[in-house]
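Colleague: These protein sequence lines are chains D and C, in that order. For the first sequence, the positions run 1 to 403 when my numbering is used. For the second sequence, the positions run 1 to 403 when my numbering is used.
Quick caveat, the hints were computed from the structure, so don't treat them as lab data. Computed from a prediction, not measured in an experiment: that's the story for all the values here. Some hints could be false.
Keeping only pairs whose Cα atoms sit at most 20 Å apart, straight-line, the calculated EDC-like set for lysine to aspartate or glutamate is [claimed, not checked]: (1) D:K267 x C:D243; (2) D:K163 x C:E203; (3) D:K163 x C:D37; (4) C:K397 x C:E78; (5) C:K273 x D:D243; (6) D:K273 x C:D243; (7) D:K15 x D:E307; (8) C:K163 x D:E194; (9) C:K163 x D:E76; (10) D:K163 x C:E76; (11) D:K163 x C:D99; (12) D:K345 x D:E333; (13) C:K163 x D:D37; (14) C:K267 x D:D243; (15) D:K163 x D:E194.
There are 2 protein chains.
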Amino acid sequence: MINASACGVIQTARKHPDRIGTVFAGRNGIIGALLEDLIDTGRESDDSIGALRHTPSGAFGSCRYKLNSLEQNRREYERLIEVFAAHDIGYFFYNGGGDSADTCLKISQLSETLGYPIQAIHVPKTVDNDLPITDNCPGFGSVAKYVAVSTREASFDVASMAKTSTKVFIVEVMGRHAGWIAAAGGLASSSDTELPIVILFPEVEFDRERFCQRVDELVKHYGYASIVVSEGVRGADGKFLSDQGLTDAFGHAQLGGVAPVVANMVKTDLDYKYLWAVADYLQRSARHIASATDVTQAYAVGKAAVEMVLDGANAVMPAIIRKSNDPYRWAIERADLNLVANVEKMRPGEYITADGFGITNHCRQYLEPLIEGEDYPPYSRGMPSYVRMNNIPVGKKLAPFEL
Amino acid sequence: MINASACGVIQTARKHPDRIGTVFAGRNGIIGALLEDLIDTGRESDDSIGALRHTPSGAFGSCRYKLNSLEQNRREYERLIEVFAAHDIGYFFYNGGGDSADTCLKISQLSETLGYPIQAIHVPKTVDNDLPITDNCPGFGSVAKYVAVSTREASFDVASMAKTSTKVFIVEVMGRHAGWIAAAGGLASSSDTELPIVILFPEVEFDRERFCQRVDELVKHYGYASIVVSEGVRGADGKFLSDQGLTDAFGHAQLGGVAPVVANMVKTDLDYKYLWAVADYLQRSARHIASATDVTQAYAVGKAAVEMVLDGANAVMPAIIRKSNDPYRWAIERADLNLVANVEKMRPGEYITADGFGITNHCRQYLEPLIEGEDYPPYSRGMPSYVRMNNIPVGKKLAPFEL
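Working from the sequences, and respecting the hints, build out all of it.
Modeller: Written out as structure tokens, the structure reads:
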């Protein structure tokens, strides 16, 4: 959904040529800004920019790089100002989760701290869905849809195999700290399509005995069970369940995966035939099954970011504010970046059923609108037509900079 | 696609009420026939039967159960005849791969061997795509589409992360003996969307040094690489690569997954940041991204099976015969079940490039039509509407039978 938001930013900016000359993209995010490695999006056709809306990932690259405080690293802030000044950059848009919001906040303060006039807007995006104020974070709804749909489909498969073969299916999903993605597995089961699902949340301490007992109950009742396990599940010792100290035949440490660990328990304690999957990047890049709500909101926050900057805003984030559940109504409103950065969002505790293995109706009401609607990409010869940018660099004007 | 073929069989049978009274389904396949556990599909509405076309898995259950020869297990054949006679069953349709074709062939011979008049038709279906004569096997095209699309999407994701994070993505796919599914990963890259993909086929002996060298070349050139690895890859010792003798902290054997094994090599030998996924059931139940060609053919072989039986055929399989590649033209023709059962299909050797890591143009021309077109299921509240049958049992007339 990074691309859908970029599409919203660039298309909206192009509607205001009197106010915004060109949109430059930092190649690989803030690193590109520091290195003066800027991409001239003005060299991309309207069609290419439009196609970003249905293309997964981030077409200009991304990075994991958090700016330190001004006190700790004045050098980087001064460099950013040099780059901004050299290329007449007055508006700064930064797309990401909590760390990016923090970086964006620091840049929004450059006018005050270092006297360079800049307006900085944070554009929310994270599949972890853990930013405050906003109803949800673009990117999350599509991962949720993927997990819900895939868990339903795999459950149908297991149901038809269970008599003489696989009885337990385990799928590992993302979310090291927050259980939102795992919770989406609960949507696989609904009132018209009831399915036996066990969810293992990172917020709930794992109890092997209770877990195996629950799986056993479901298999005895339904003939099979599906387990959605978050990569971040921890045991009573506080360690990740995936961190089992596995070694191969040569004694080398082996790289987990919590799904095979849970599978081993099902085999050892229950002796049921099982299969396991690890969705990893497949879940967050699955543009082919994107939620239409998510795509619409990702575009909307990008568009709103430009409108806010043209309206004189600084240090804000366009937040999605839910007005009603059913029908789902929402609006984009300004959130103060000071209230966004470095604030941890409420954990989904109240969304988890008392037994710790399922989602409440409250959670269902929250999640369902976020996966509503299908936004299919165009296809050619059986494959989705995803766009790639030319990514033509802007000529450099400054001396090189070492990160 | 089992359901799409069942839809073809039942809808076609319903058009001939003068010739076919009711279609009974064996609950969990041949086991249901042996146990006299029959489902009366006549009790399902036209709408429900129609919805089978877009529902994954097999709505009447399935089994892994191969009939032994008449000499070895006369008892089971005599039981089948009792059940057929008790319920006036004259036509037998069996859906599956090589083992099912063998079972179906044995049943087709009951008229001759045990004097019971039956016509048996095998309806091809296997994601392994390893039946002879037929151009491809229903079920395969949709798995191929899922693998091709997912590999393309994940590759876009890795490309945008590669600068400071993940450089190598590994996805494990099905196919213990045949590399067709892994080959589909090669479609992720096309002339208009070139991507650095390495495929590890079960037909190619794994060479760790050559593999790591190839990955390294691609990462150095493109900045990243995607690896599609078949679960059936073997090393020079003939053992599955997934069979690494892993043990957990307590010395218990750990259940592989070849993707984490390959990931470990990437880390140990190349020290690139990596992520891995295991698609498992997600790939074969992914009705949401089914190939329209596959759905059409799955339905067509079901329909043809009924037409063949009404035309007096026995011991045949409706086979898909390719007439041309581009445009893809095909027809359904009768294949002699003697030539299908227990015959191994040509391995995709000539489809693999000389270096062993990619697919040839010949392979691409074969595969592309099979993933052509999208056949989306209907959705309700963001989720696909998959049907479940009432599965009302037919009254039993016989004494119980022990398997």
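Colleague: Now tell me if each hint is right for this structure.
Modeller: Checked hints:
no.: 1; hint: D:K267 x C:D243; in the structure: holds, 17 Å
no.: 2; hint: D:K163 x C:E203; in the structure: violated, 32 Å
no.: 3; hint: D:K163 x C:D37; in the structure: holds, 13 Å
no.: 4; hint: C:K397 x C:E78; in the structure: holds, 15 Å
no.: 5; hint: C:K273 x D:D243; in the structure: holds, 18 Å
no.: 6; hint: D:K273 x C:D243; in the structure: holds, 18 Å
no.: 7; hint: D:K15 x D:E307; in the structure: holds, 11 Å
no.: 8; hint: C:K163 x D:E194; in the structure: violated, 44 Å
no.: 9; hint: C:K163 x D:E76; in the structure: holds, 19 Å
no.: 10; hint: D:K163 x C:E76; in the structure: holds, 19 Å
no.: 11; hint: D:K163 x C:D99; in the structure: holds, 18 Å
no.: 12; hint: D:K345 x D:E333; in the structure: holds, 18 Å
no.: 13; hint: C:K163 x D:D37; in the structure: holds, 13 Å
no.: 14; hint: C:K267 x D:D243; in the structure: holds, 17 Å
no.: 15; hint: D:K163 x D:E194; in the structure: holds, 19 Å
Consistency note: the structure conflicts with the earlier hints numbered 2, 8.
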